[in-house]
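Colleague: Residue numbers (our numbering), protein chains in the order written: chain A, 21 to 330; chain B, 18 to 407.
If you're looking for bench data, these hints aren't it; they were derived computationally from the structure. For every residue, glycine included, the Cβ atom is placed at its ideal position computed from N, Cα and C. One should not assume that every hint holds.
To give an idea of the interface, some chain A residues facing chain B are shown, with a C-beta separation under 8 Å as derived from the structure [to be verified]:
#, residue
1, Met21
2, Cys24
3, Gly53
4, Gly75
5, Pro78
6, Asn90
7, Glu95
8, Gly98
9, Pro191
10, Phe192
11, Glu196
12, Gly238
13, Pro293
Derived DEER-like restraints, expressed as beta-carbon distance ranges [claimed, not checked]:
#, chain 1, residue 1, chain 2, residue 2, range
14, A, Glu105, B, Glu21, 39 to 45 Å
15, B, Arg137, A, Gly138, 43 to 49 Å
16, A, Glu196, B, Arg61, 34 to 40 Å
17, B, Pro49, A, Pro216, 24 to 30 Å
18, A, Glu105, B, Pro49, 21 to 27 Å
19, A, Lys247, B, Gln303, 45 to 51 Å
Taking beta-carbon pairs under 10 Å as the criterion, some of the chain B residues facing chain A (in silico) [claimed, not checked]:
#, residue
20, Phe102
21, Met194
22, Ala197
23, Val223
24, Thr225
25, Gly226
26, Gln237
27, Arg240
28, Leu242
29, Met369
30, Ala370
31, Ala375
32, Ala378
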Amino acid sequence: MTPCLETHIGSLRLKTPLMPASGTFGYGDEYLGIISYEPLGAIVTKSLSLKPKRGNPPPRIHELPCGMLNSIGLENVGIKRFLEEKLPRLSELGLPVVVSIFGESEEEFLRVGESLKGAPSVSALEVNLSCPNVRKGGAAFGADPERVFHIIDNLKERVDLPLWAKLPPDPFHILEIAEAAQKAGAHALTLVNTLPAMAMDIQRGRPVLGGITGGLSGPALMPVALKMVYEVTRKLKIPVVAAGGISRWEDAMAFLLAGASALQIGTALFSNPRVFSEVHEGILRFMRERGMTTIEDLRGKAHEVEDHPL
Amino acid sequence: MAEEDLPQVLAIEKASFTTPWGRWAFLVELKPPGYAFVYEEEGRILGYAVMRIVEDEGHLMNLSVAPPWRKRGIGSDLLRFCIEFCLHKGVSSLWLEVRESNEAAISLYQKMGFAVKGRRKSYYQDTGEDALLMGLSLPRKILQEAKVKAVRTMGPLCILELSLQSEIPFEPGQFVMIEAPGRPLMRPLSIFGLEKKMLKLLLRPVGTGTRALVEVHTGQTLRVLLPLGKGYPMPQGRQKAWLLAGGMGIASLFPLALKLSRKGIPVRLLWGARNSSWFPAPLLWQLTEKSISLELITEDGSMGRKGLITEVLPKEWENATVYACGPKEMMKRILSIIPPHVKVYVSLEERMACGVGACQACVLSGRGGNKLVCRDGPVFEREEIGDSLS
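Chain B extracted, bound-state conformation (with noise of 0.2 Å):
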């Protein structure tokens, strides 16, 4: 927005409001802390928006569209392009007042990520009516250097703890890049558990890159940026939770099982390995003690049932929300096997440079056009997917 918008904008201010800004409310946000942008079309302003920017917190001061350019969806491309701008300014939150009794706002809102986070009484001095205070959170991914605390093997896998240098908030199902010492590519492990500041990733040293990881020593530095990509929604209203995890998909849905059994949701994992040896007792503990329902299968038949998790799917799905993570092709056959109505979240790998989406390495590949596993995943709904799995 410049001065020289500002007729259009006031004209827009009093056809919206009962106790519109005036002109030099407009002045004062057009340089920082204030942020202020139009919706334009042809020249013509349709929209406004006006941010402040304190540090790392964002505050939504005025939103407003046209009334005859409403419901097109011109104040959701203005509230994205307002998130957006946060996250490039490294903003960790953004505010905003609503009135109560404006629907249509607060869904809009809500649409976009925006929790009711408090409610300011009387604030709106016309009515007296009471504002709602909606937050919203932005996710920062940090680069860090952490500090190797152990490498415990067990069996064929192996937990590398990692101590942070400051306590990062993660969704199960979220990933790191780390470095691989002497590899010229950073590696995206699944983040198998973060509380304080202590990471945890579950690897199986068979690559040159998790090789290079397992022989690290304690106090060593390693490169670290994290949390990347989305995580596992929860599941809607009185859903249950089945994970199935394949092999070394473990590592992304332990942390699901344990946020999920302290939500109190029911949680059944099915649990499929090559053999036995998989399936480290530590790790079986910590789940069963949270009252989760576990069944191990394995191929050769040495502990639980015997066979392919695909050969042992539940029959019966109701009231279910799927979470899967696993080798490509029993994502493929859990897709084709699992009714089309029941929402499934699978979590895919892909190689990658990044983590961030620059490279554009990690790419799936569908009918409807390219997605990236770092930025747009690794968690997508069956419905994302498509055809690109095969």
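Chain A on its own, in the form it takes in the complex (with noise of 0.2 Å):
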């Protein structure tokens, strides 16, 4: 019998737990006919704001030996005009589609996030809350619990869609902000964003991205967010989709065992555009042979075993 690799994120099922990471997959079309959409739960689109924003000056990404930098700086086409000309194409995928929002203010999240009101083939919303708070000197609006409430509980009352917080991997305070998200009725919490790095040019003596510092993301941080994932889940109900770092099917299973109960990809897409795939098809063989039938025979397991603080 073929395992049944079905989950749940709050009341939106999915066919599969796998799903692009924001950012990495453009506006949901452009791998169209180079790799197959079948093992995808859903589509999770760039982050988009209020207005067009023309991101950071280049060089924007940077290769690391284990991962990459990158500091696109949000840029997106607007709210307006992905509803006009991408979303339409979206559409017709069949697929729940998951918009990423972000605001440089708390107003900017609301006002994009009550645009996509009523649109069709939106199952979520993803809201970036990594993103800088201009009012505030540019700190992330996620590294304050306060202003995750306040933006998820505000967003809540205002657009009747399920909202997933995303947020930044703050090793010390991640449960504070989880539960901050949790308690203002988000859905659920994709953990974790790209931690904030940076790259030095030592023969120009200057730093090697255009927009000076960017978040780390790839294998490097697979570890980092695999705790978190693990942390937040043995504390709190609310469901977590786990990114960061996922490049095999064996990083997917580790986050399903942390307690994911959905899996974003990004990153090792660029080395390997097939991984979805190859996550899926390892997935599946794994639980096939060991008897399993759902992913919940998987999810959070490693849950049960004690730890011993020393």
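Now that you have both chains on their own, put them together as the hints suggest.
Modeller: Right, dumping it as structure tokens:
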């Protein structure tokens, strides 16, 4: 019997737990005809703001031995053009669309969210809380539990769509921030965004990235993300969508065991565009070999091991 | 298009054609393999397009705009929509028939890249007029496992020869994303040669990725995504082609030189590099035996003229189309030296992760907005670049 990979994020049913991580899959149609979309349970778009945003100057990416840095600067076409030009095409794919949104102020989050009310095929909003709060000196909204609560709480009141709060990887406060999002009524958490980082061009004596600093993604981030997913799902009931360096099926399995309900893959796509199919097959094979029939046989199994604090 | 759109659609159809389609003709096309789209403004249907897609072939069967709304670009919008729809459905060619006398439609189709591929005699029953068969080939990006056949080192350069799983058409100037073993990102490399199933890439092993690529062994497979981006357009009319290659810029201009010479277009190729070791004899022979006029320039004077390519540029640019590929500084100089009325195509480089427009890393930012090198380039006309290089 073929194991069933169906998973639920609140009331949203996904046929597989796999989806692209926001920002690595463009507006969702760029890989059509190149890779199979069959293994995907949903599409996650680039982060959208109210007005178009031009992003940072190049270089926008930098390869590292075990991952990459990016400082795209949230370039996007703006919510209006997205609704007019991009969403109609996405609707044809027959997959739930998760639209990632961000704002430079709390009001902007609300306005972007409101403009997606009633949009066809949009199944959830992923609220990108790692973007800088321009009015508060540029610190990420997601670093402050109070701001997280406010943004989610306000969105929940005005927008009738499931909300996934995407949090920055703050190793010391992740639980606190996650709790704030849960309390405000988020339907899920996406853990985690890229880790703030930078690279130096020693020959030219200046930072490599045009945006000076960027976000670290890829295998280097994976164990960091894994620990946060584990920690949060052990303490909180809210479903967690894991993101952070998943590049092989073994990584995906690790996140499921740690308690994730779904999985986002991003950077790995850039070295292996077929990564979704390979991870999908890997999970199925593993489950079949062990006689598992549903994702629930795996999810959070690692929680059963008692930890022994020193 | 939905069934409830039909009354409006049929009215436009009646107003547009002498032998209009009936209700049933439209109904059939509302489900696959038929695809029908309407152009709507404030709930009013102003035009529509009907096509069929069978496997990888698309056929545009009907396209019409309500008479009062013509000449406003609605037809182009509908056609563009159909083309994009086909691209996303993996269609490799789109076909249509058009009345020979319908000049407006023919010119619209030509503008969108369709070319006359044949004629259907007495195709139209009302007048017995011929139809022109027009076709448009849609490029497809393919992800393949390519097998390493050889790694040929030639001085500081290296040619990587790979065997693909199938034949793939390409245009000089297009590129591939290729797996660099053990590295987190694929690498963009110009297509140096692609004939039958043999892909050739010219590289200079200086970075982590290119070094990993020349250390591959024969028989190893590498993931390759190709052909990507836009290639060099051919010169218009009776123009001759001047190719300006700076160092590794030869990688994309080499296949262009061969293609132009095959088409009988006179080619003058200026290739500048640090020193003579950059000019492997086998490459020079391949160019000169095709009667390509080749001028070499070295910084140290060890071969050809001494200096920088930008210092020895010709003074006369009449009837020439210029193609340039090289370091950014060279491109900037070239664009400032060559008189503005001369058509110049440059191929640009930028760091990229995906090669298909998803990651948005390879941005070319200018007054006119952002362009992506992978999707809108890597070949740009000078007008498209504007102030982006400064």
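Colleague: Each hint: holds or not?
Modeller: Taking the hints in turn, this is what the structure says about them:
The beta carbon of A:Met21 is not positioned within 8 Å of any beta carbon in chain B (closest approach about 31 Å), and the interface hint is therefore violated. Checking A:Cys24 against chain B by beta carbon gives a least distance of about 28 Å; that is not within 8 Å, so the hint is violated. With 8 Å as the threshold, the beta carbon of A:Gly53 comes within range of chain B, its nearest partner Cβ sitting at about 4 Å, so the hint holds. Against a cut-off of 8 Å between C-beta atoms, the interface hint on A:Gly75 holds, since the closest Cβ of chain B lies about 7 Å away.
For the restraint placing A:Pro78 at the interface with chain B, the shortest Cβ-Cβ distance is roughly 6 Å, inside the 8 Å limit, so the hint holds. Given hint, A:Asn90 at the interface with chain B, holds; its Cβ is 7 Å from that chain's nearest Cβ, closer than 8 Å. A distance limit of 8 Å between C-beta atoms decides the matter here; for A:Glu95 the minimum to chain B is near 6 Å, and the interface restraint holds. Given the 8 Å rule on beta carbons, the hint for A:Gly98 is violated: about 12 Å separates it from the nearest Cβ of chain B.
Look at A:Pro191: its Cβ only gets to about 23 Å from chain B, farther than 8 Å, so that hint breaks. Interface restraint check for A:Phe192: the shortest CB-CB distance to chain B comes to about 27 Å, outside 8 Å, so the restraint is violated. Nearest Cβ of chain B to the Cβ of A:Glu196: about 32 Å, over the 8 Å cut. The hint is violated. The interface hint given for A:Gly238 holds, since its Cβ lies 5 Å from the closest Cβ of chain B, which is under the 8 Å cut-off.
A hinted interface residue such as A:Pro293 counts as satisfied when its beta carbon comes closer than 8 Å to some beta carbon of chain B; here the least separation is about 6 Å, so the hint holds. The supplied range of 39 to 45 Å is broken by A:Glu105 and B:Glu21, whose beta-carbon atoms lie about 25 Å from each other. The beta-carbon spacing between B:Arg137 and A:Gly138, approximately 47 Å, falls within the hinted interval of 43 to 49 Å. About 54 Å separates the C-beta atoms of A:Glu196 and B:Arg61, a value inconsistent with the hinted range of 34 to 40 Å.
Against the hinted window of 24 to 30 Å, the Cβ-Cβ separation of B:Pro49 and A:Pro216 comes to about 48 Å, which falls outside the hint. Against the hinted window of 21 to 27 Å, the Cβ-Cβ separation of A:Glu105 and B:Pro49 comes to about 23 Å, which satisfies the hint. Evaluation of the 45 to 51 Å hint for A:Lys247 and B:Gln303 yields a failure: the beta carbon distance comes to about 56 Å. This hint holds: B:Phe102 has a C-beta 8 Å from the nearest C-beta of chain A, less than the 10 Å allowed.
A hinted interface residue such as B:Met194 counts as satisfied when its beta carbon comes closer than 10 Å to some beta carbon of chain A; here the least separation is about 9 Å, so the hint holds. Hint on B:Ala197 holds. Least Cβ distance to chain A is approximately 8 Å, under the 10 Å limit. Because the closest C-beta pair between B:Val223 and chain A is about 13 Å apart, greater than 10 Å, the hint is violated. The beta carbon of B:Thr225 is positioned within 10 Å of a beta carbon in chain A (closest approach about 7 Å), and the interface hint is therefore held.
Interface restraint check: B:Gly226 against chain A, minimum CB-CB distance 8 Å, threshold 10 Å, status holds. Hint on B:Gln237 is violated. Least Cβ distance to chain A is approximately 15 Å, over the 10 Å limit. Interface restraint check: B:Arg240 against chain A, minimum CB-CB distance 7 Å, threshold 10 Å, status holds. Checking B:Leu242 against chain A: minimum C-beta separation of about 7 Å stays under 10 Å; hint holds.
Because the smallest distance between the Cβ of B:Met369 and any Cβ of chain A comes to about 8 Å, under 10 Å, the interface hint for this residue holds. A least Cβ separation of about 4 Å between B:Ala370 and chain A falls short of the 10 Å threshold, and the interface hint therefore holds. About 4 Å separates the beta-carbon of B:Ala375 from the nearest beta-carbon of chain A, less than 10 Å, and the hint is met. The beta carbon of B:Ala378 comes within 4 Å of a beta carbon in chain A, closer than 10 Å, and the hint placing it at the interface holds.
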